[in-house]
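Protein sequences appear in the order of chains A and B.
Numbered per the numbering used here, the first sequence finishes at 516, counting up by one with no gaps.
Numbered per the numbering used here, the second sequence finishes at 516, counting up by one with no gaps.
Just so you know, the hints here were simulated from the structure itself, not pulled from any lab data.
Among these hints, one or two may not hold up.
Chain copies aren't distinguished; within one or between two, either way the pair holds.
What the hints assert, rightly or not - Below, computed lysine-lysine pairings styled on DSS-like, alpha-carbon distance capped at 27 Å:
{"no.": "1", "residue 1": "LYS211", "residue 2": "LYS186"}
{"no.": "2", "residue 1": "LYS174", "residue 2": "LYS469"}
{"no.": "3", "residue 1": "LYS174", "residue 2": "LYS272"}
{"no.": "4", "residue 1": "LYS469", "residue 2": "LYS272"}
{"no.": "5", "residue 1": "LYS362", "residue 2": "LYS272"}
{"no.": "6", "residue 1": "LYS174", "residue 2": "LYS279"}
{"no.": "7", "residue 1": "LYS330", "residue 2": "LYS272"}
Source: prediction; values computed, not measured.
There are 2 protein chains.
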Amino acid sequence: MTTLKNDLLLRALRGEKTERVPVWMMRQAGRYLPDFMKLKDKYSFFERCQRPELAAEITIQPVDQVGVDAAIIFSDILVVPQAMGMEVQMVEHRGPFLPAPIKRASDLEKLRVPDVAESLGYVFEALRLTKKNLDGRVPLIGFAGAPWTLLCYMVEGQGSKTFDQAKAFCYTQPETAHRLLQLITDTTIAYLKGQAAAGADVVQIFDSWGGLLGPDDFEVFSLYYIRQIVAALKEQALTIIFAKGAWYSLEEMAATGAHGLGIDWCIRPEIARQLAGPHVALQGNFDPAKLLSPIPVIRKEVRAMLDAFGEGPYIANLGHGILPNVPVDHARAFVETVKNYAYEPAR
Amino acid sequence: MTTLKNDLLLRALRGEKTERVPVWMMRQAGRYLPDFMKLKDKYSFFERCQRPELAAEITIQPVDQVGVDAAIIFSDILVVPQAMGMEVQMVEHRGPFLPAPIKRASDLEKLRVPDVAESLGYVFEALRLTKKNLDGRVPLIGFAGAPWTLLCYMVEGQGSKTFDQAKAFCYTQPETAHRLLQLITDTTIAYLKGQAAAGADVVQIFDSWGGLLGPDDFEVFSLYYIRQIVAALKEQALTIIFAKGAWYSLEEMAATGAHGLGIDWCIRPEIARQLAGPHVALQGNFDPAKLLSPIPVIRKEVRAMLDAFGEGPYIANLGHGILPNVPVDHARAFVETVKNYAYEPAR
Numbered sequence: 170m171t172t173l174k175n176d177l178l179l180r181a182l183r184g185e186k187t188e189r190v191p192v193w194m195m196r197q198a199g200r201y202l203p204d205f206m207k208l209k210d211k212y213s214f215f216e217r218c219q220r221p222e223l224a225a226e227i228t229i230q231p232v233d234q235v236g237v238d239a240a241i242i243f244s245d246i247l248v249v250p251q252a253m254g255m256e257v258q259m260v261e262h263r264g265p266f267l268p269a270p271i272k273r274a275s276d277l278e279k280l281r282v283p284d285v286a287e288s289l290g291y292v293f294e295a296l297r298l299t300k301k302n303l304d305g306r307v308p309l310i311g312f313a314g315a316p317w318t319l320l321c322y323m324v325e326g327q328g329s330k331t332f333d334q335a336k337a338f339c340y341t342q343p344e345t346a347h348r349l350l351q352l353i354t355d356t357t358i359a360y361l362k363g364q365a366a367a368g369a370d371v372v373q374i375f376d377s378w379g380g381l382l383g384p385d386d387f388e389v390f391s392l393y394y395i396r397q398i399v400a401a402l403k404e405q406a407l408t409i410i411f412a413k414g415a416w417y418s419l420e421e422m423a424a425t426g427a428h429g430l431g432i433d434w435c436i437r438p439e440i441a442r443q444l445a446g447p448h449v450a451l452q453g454n455f456d457p458a459k460l461l462s463p464i465p466v467i468r469k470e471v472r473a474m475l476d477a478f479g480e481g482p483y484i485a486n487l488g489h490g491i492l493p494n495v496p497v498d499h500a501r502a503f504v505e506t507v508k509n510y511a512y513e514p515a516r
Numbered sequence: 170m171t172t173l174k175n176d177l178l179l180r181a182l183r184g185e186k187t188e189r190v191p192v193w194m195m196r197q198a199g200r201y202l203p204d205f206m207k208l209k210d211k212y213s214f215f216e217r218c219q220r221p222e223l224a225a226e227i228t229i230q231p232v233d234q235v236g237v238d239a240a241i242i243f244s245d246i247l248v249v250p251q252a253m254g255m256e257v258q259m260v261e262h263r264g265p266f267l268p269a270p271i272k273r274a275s276d277l278e279k280l281r282v283p284d285v286a287e288s289l290g291y292v293f294e295a296l297r298l299t300k301k302n303l304d305g306r307v308p309l310i311g312f313a314g315a316p317w318t319l320l321c322y323m324v325e326g327q328g329s330k331t332f333d334q335a336k337a338f339c340y341t342q343p344e345t346a347h348r349l350l351q352l353i354t355d356t357t358i359a360y361l362k363g364q365a366a367a368g369a370d371v372v373q374i375f376d377s378w379g380g381l382l383g384p385d386d387f388e389v390f391s392l393y394y395i396r397q398i399v400a401a402l403k404e405q406a407l408t409i410i411f412a413k414g415a416w417y418s419l420e421e422m423a424a425t426g427a428h429g430l431g432i433d434w435c436i437r438p439e440i441a442r443q444l445a446g447p448h449v450a451l452q453g454n455f456d457p458a459k460l461l462s463p464i465p466v467i468r469k470e471v472r473a474m475l476d477a478f479g480e481g482p483y484i485a486n487l488g489h490g491i492l493p494n495v496p497v498d499h500a501r502a503f504v505e506t507v508k509n510y511a512y513e514p515a516r
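Only chain A is shown next, with the shape it has when bound in the complex:
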């Protein structure tokens, strides 16, 4: 096993002091990088996910080109519904499309908790190859969608602003919804354990649509399942929960035992720290649209963010995925500003 040359991310997640703040960006392996776009023109979305040498290459691009402190495996949260037996299409300019969404109890019969080694082995293969090619330069992050967010797509069949059909499904057929959520959870636990075994040092659970639920429903339809996942992964990997918009649950999310909590730009770091308590690492929370600002503005705003996060365990990141139209030198300015920052406590 290779020793990591840069383990800032892991130490921050363990709550240890680090000589500087680690930094990476959600969706950093992707559409804003010209070298990614070249591969995108040649291979379909799922080809890029399923061919380990392509996924590994894409995963390492931002380490080489932008200088981030962690690699996150190139994949998609919808590989899980796919492995469970649903058809998932990626439609250009439109996003994911699931032609046969779940609408009633009988639709669950089409689903299975798959043998992940068989149906998602290509992700494990990509992780192993990436780990090897990284050669200990930075840690490797694996990920999965939170069960609630996957349910959103599996029921709605496509993206949505508000996922009302998914919510209505939960409100009118709660028993079926919970059966579905448990099937997804069981699959996700096996999947993330496999990722850890294949070399992921950290796994992040993306609950992109967690914030569409109010506090009570978030507990019932989302956190209940995330908690199972975090508990199951305890021995194998460090865990980060990113439930976009679910600021109201930071205290409860911290209590799951996750090592890190992602936050978006709609909560002040000071308040997030108050709610989450002193121990968990916070991760975020730069507004992705702000990376479109002129570079001097980016530098100033990144420093203000770092000041606001202060001294607790912290990982600099965006508050959501990087936008495809961000110039690479803007992304680099973000990363460099974090790397050059030295925290000076206010007197």
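Here the structure of chain A is known, so what remains is to put chain B in place on it, guided by the hints.
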């Protein structure tokens, strides 16, 4: 001038005790009502807005059919950009489309602060007619979009999940953005004063996209302008600010002097009250998707909401607009449950 037979809403907004909680629903005049759909089949969107007898009829439908404690004039926030000189189309199943959006400083030359009596007189006419036909049954609410939310559409040219182009416009051309926001603000002040003069007892400012901005940007690009509007309306009407998702600014919004603050379902009523302070009326915050639940569940959840809001000045409402596929008897169950509720302080 007719005396109001039901002035619960006005008294709650003035912070007075009311014998029961007043209730209305955002977008209550609209798509979930079969009688509205009949008019929708016959007349185009802007025809319905611009013909006072149609707008008045649609406005009063939910008072007659669902029993709400206030009427809100049937119109759209985009009549303001239209009056300022922009073309606005309403495209079925797609939403608003502005074919010539604002992209740079020179585009502002196409815009004007209009004579509202001339360009928006049809709204005033609709308000006068509605007021007359209501005959004092319930108060009448007027409204406008917040300048930030209107900028979103005027720059992006259509709806969006994240309005990144609008945000990038603000971040890269802040001076032009502020000139545009001030033009919208000046128009909106004249427009809402006209609405008050035409009979609106209350005006609500809808900042549907306020919550896409973080706390600092919300202050700079949104609240700075809302504050001007609230101050200008002070003598003429009671004011409500509804900035969806902008929970982090409740304290600052309360400090504007607005009489009411709308909140969505992603914040617990107790926390909203803590942040907003004891005096301002809170309005909300039932998850609109929850109206798709079975009626007994709706009744139970509405009572839980009313319990949570407790004794402070309060107006029951949804946390966002009613969904088009809500059965009318579900909307009625919402309203009736509020009307039949008697607050019992916990011992």
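Against the structure, the hints come out as follows:
1. LYS211 <-> LYS186: Result: close neither inside a copy nor across copies, 44 Å intra and 67 Å inter.
2. LYS174 <-> LYS469: neither (29 Å within a copy, 56 Å between copies)
3. LYS174 <-> LYS272: Neither: 49 Å inside a chain and 46 Å across chains, both beyond 27 Å.
4. LYS469 <-> LYS272: between (48 Å within a copy, 25 Å between copies)
5. LYS362 <-> LYS272: Classified as neither; 30 Å inside a copy, 48 Å across copies.
6. LYS174 <-> LYS279: For LYS174 and LYS279, the Cα distance exceeds 27 Å both inside one copy (46 Å) and across copies (58 Å).
7. LYS330 <-> LYS272: Classified as both; 19 Å inside a copy, 24 Å across copies.
In this structure, the earlier hints numbered 1, 2, 3, 5, 6 are contradicted, and the remaining ones agree with it.
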